Amino acid sequence: TASMMDGRAPYDALLTHGFVVDGEGRKMSKSKGNVIVPQQVMGELGADILRLWVASTDYSGELSISKEILKRVVESYRRIRNTLRFLLANIADFDAQRDALPVDDWLEIDRYALVMLADLQAALVPSELGSKQPRSPGHYGEFEFHQVAQRLQTFCSEDLGGFYLDILKDRLYTAPANSGARRSAQNALHRITHGLTRLMAPILSFTAQEVWELLQPGEASVFEQTWLQIELPRDAESLRGRWTQLRTLRGDVTKRLEELRVAGKIGSSLAGDLDFHAEGDAAALLRSFGDDLRFVFITSRATLHEGRADDAVATILPDVWLRVSASPHPKCERCWHYRPDVGHDAAHPQLCGRCTANLYGAGESRSHA
Numbered sequence: 004t005a006s007m008m009d010g011r012a013p014y015d016a017l018l019t020h021g022f023v024v025d026g027e028g029r030k031m032s033k034s035k036g037n038v039i040v041p042q043q044v045m046g047e048l049g050a051d052i053l054r055l056w057v058a059s060t061d062y063s064g065e066l067s068i069s070k071e072i073l074k075r076v077v078e079s080y081r082r083i084r085n086t087l088r089f090l091l092a093n094i095a096d097f098d099a100q101r102d103a104l105p106v107d108d109w110l111e112i113d114r115y116a117l118v119m120l121a122d123l124q125a126a127l128v129p130s131e132l133g134s135k136q137p138r139s140p141g142h143y144g145e146f147e148f149h150q151v152a153q154r155l156q157t158f159c160s161e162d163l164g165g166f167y168l169d170i171l172k173d174r175l176y177t178a179p180a181n182s183g184a185r186r187s188a189q190n191a192l193h194r195i196t197h198g199l200t201r202l203m204a205p206i207l208s209f210t211a212q213e214v215w216e217l218l219q220p221g222e223a224s225v226f227e228q229t230w231l232q233i234e235l236p237r238d239a240e241s242l243r244g245r246w247t248q249l250r251t252l253r254g255d256v257t258k259r260l261e262e263l264r265v266a267g268k269i270g271s272s273l274a275g276d277l278d279f280h281a282e283g284d285a286a287a288l289l290r291s292f293g294d295d296l297r298f299v300f301i302t303s304r305a306t307l308h309e310g311r312a313d314d315a316v317a318t319i320l321p322d323v324w325l326r327v328s329a330s331p332h333p334k335c336e337r338c339w340h341y342r343p344d345v346g347h348d349a350a351h352p353q354l355c356g357r358c359t360a361n362l363y364g365a366g367e368s369r370s371h372a
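Going by this note's numbering, the first residue of the sequence shown is number 4, and it counts up by one from there.
Quick caveat, the hints were computed from the structure, so don't treat them as lab data.
Just so we're clear, the structure is a prediction, and the values are computed from it rather than from any experiment.
Ideal Cβ placement from N, Cα and C applies to all residues, glycine included.
Some hints here could point you the wrong way.
[Said to hold, decoys possible] Cβ-Cβ distance ranges computed for the label pairs, FRET-style: (1) Leu18 - Thr251: 20 to 26 Å; (2) Thr251 - Glu336: 16 to 22 Å; (3) Lys268 - Lys172: 20 to 26 Å; (4) Arg11 - Ser208: 30 to 36 Å.
[Said to hold, decoys possible] Under the rule of at most 30 Å between Cα atoms (straight-line distance), these lysine-lysine pairs were calculated in the DSSO-like manner: (5) Lys30 - Lys74; (6) Lys334 - Lys268; (7) Lys70 - Lys35.
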């Protein structure tokens with residue numbers, strides 16, 4: 004053998020895996036009628052569903068497969084695919100040569116979105132951690148494909164779908180098409196689409212190539228690309244700290260707004276008003292967002308008051324208290340925000356001042372969200 008002749012094994016790494024069994028952990032056999040035929044799965048659901056099932060399964064033990072398990076894999080795949088559809092749809096009019104902006108000129112949440120992408124890539128692929136730290140192989144390098152699949156799904160469903168893209172919709176849909184605020188968002192989405200497509204390619208190969216052909220028509224395959232070179236903003240570390248706190252608080256706020264909705268007092272979060280009472284560093288954090296704070300929480304008003312209030316409830320973030328109420332103002336027919344200036348312009352009685360400015364004036368100013 005090669006080991007005897009050369010004194011070494013004829014491979015650099017050896018990967019072993021468990022047996023493929025049915026959903027109840029039983030060995031597959033025709034007599035039991037529990038055989039899942041790969042060709043049939045690919046024919047009915049597509050090859051990427053089978054690939055995602057393999058990647059999502061911890062192969063250090065037995066690999067279970069059944070129609071119910073594949074159904075869950077399809078749902079996971081659908082979330083990733085829908086995220087990609089949203090990304091592509093919202094950069095359709097973006098030209099990287101014409102519309103590119105320096106990363107430090109992007110709005111704050113867009114810069115943070117790029118940091119989230121960089122953190123995802125650092126977790127998945129081999130990277131240099133620093134001069135005093137060893138090279139990280141990442142989950143791909145360690146053959147931890149189930150961790151790769153889990154991180155990709157979390158990034159799409161929580162970091163993007165449940166947070167960043169949810170907040171971004173208002174700016175994408177209401178800001179002037181060529182405004183700096185909208186172009187900032189598109190710059191971030193463009194980089195995220197490039198990075199995400201490369202990161203998913205080893206697992207969701209056909210989907211990644213499909214996205215790539217829409218993203219870069221006429222160019223070489225996604226499998227001829229390297230990992231995305233990500234230029235981080237100068238304030239990357241600060242962004243991690245600020246937005247980690249805001250995301251923690253946002254989860255608490257969302258819960259309070261949902262309670263108001265279930266009680267029948269509001270129809271959506273935009274019909275709610277937020278009154279924050281805060282002290283110390285927490286107050287400074289919320290104050291720094293100014294009027295953009297309402298966009299972070301997807302409400303029509305978010306007002307900061309210094310100090311504690313007896314009628315406000317403590318939040319999960321220390322030194323922050325919250326009072327939630329239904330907005331008394333009319334709804335803008337364009338942006339759906341409930342604002343006191345709806346109908347301020349007799350020529351456009353159903354629009355708020357922000358939408359009037361975005362449609363017929365200089366447009367609104369955004370800095371953070």
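Here's how the hints hold up against the structure:
1. Look at Leu18 against Thr251: about 38 Å separates their beta carbons, and that is not inside 20 to 26 Å.
2. Take Thr251 and Glu336: their Cβ atoms lie about 34 Å apart, and the range 16 to 22 Å is violated.
3. The beta-carbon spacing between Lys268 and Lys172, approximately 23 Å, falls within the hinted interval of 20 to 26 Å.
4. Between Arg11 and Ser208 the C-beta distance comes to about 32 Å, which sits within the given range of 30 to 36 Å.
5. About 20 Å separates the Cα atoms of Lys30 and Lys74, which keeps this hinted pair within 30 Å; it holds.
6. Our distance criterion of 30 Å between C-alpha atoms is met by Lys334 and Lys268, whose separation comes to about 15 Å.
7. Of the supplied pair hints, the one linking Lys70 and Lys35 holds, its CA atoms being roughly 15 Å apart against a limit of 30 Å.
When held up to the earlier numbered hints, the structure conflicts with 1, 2 and fits the remainder.
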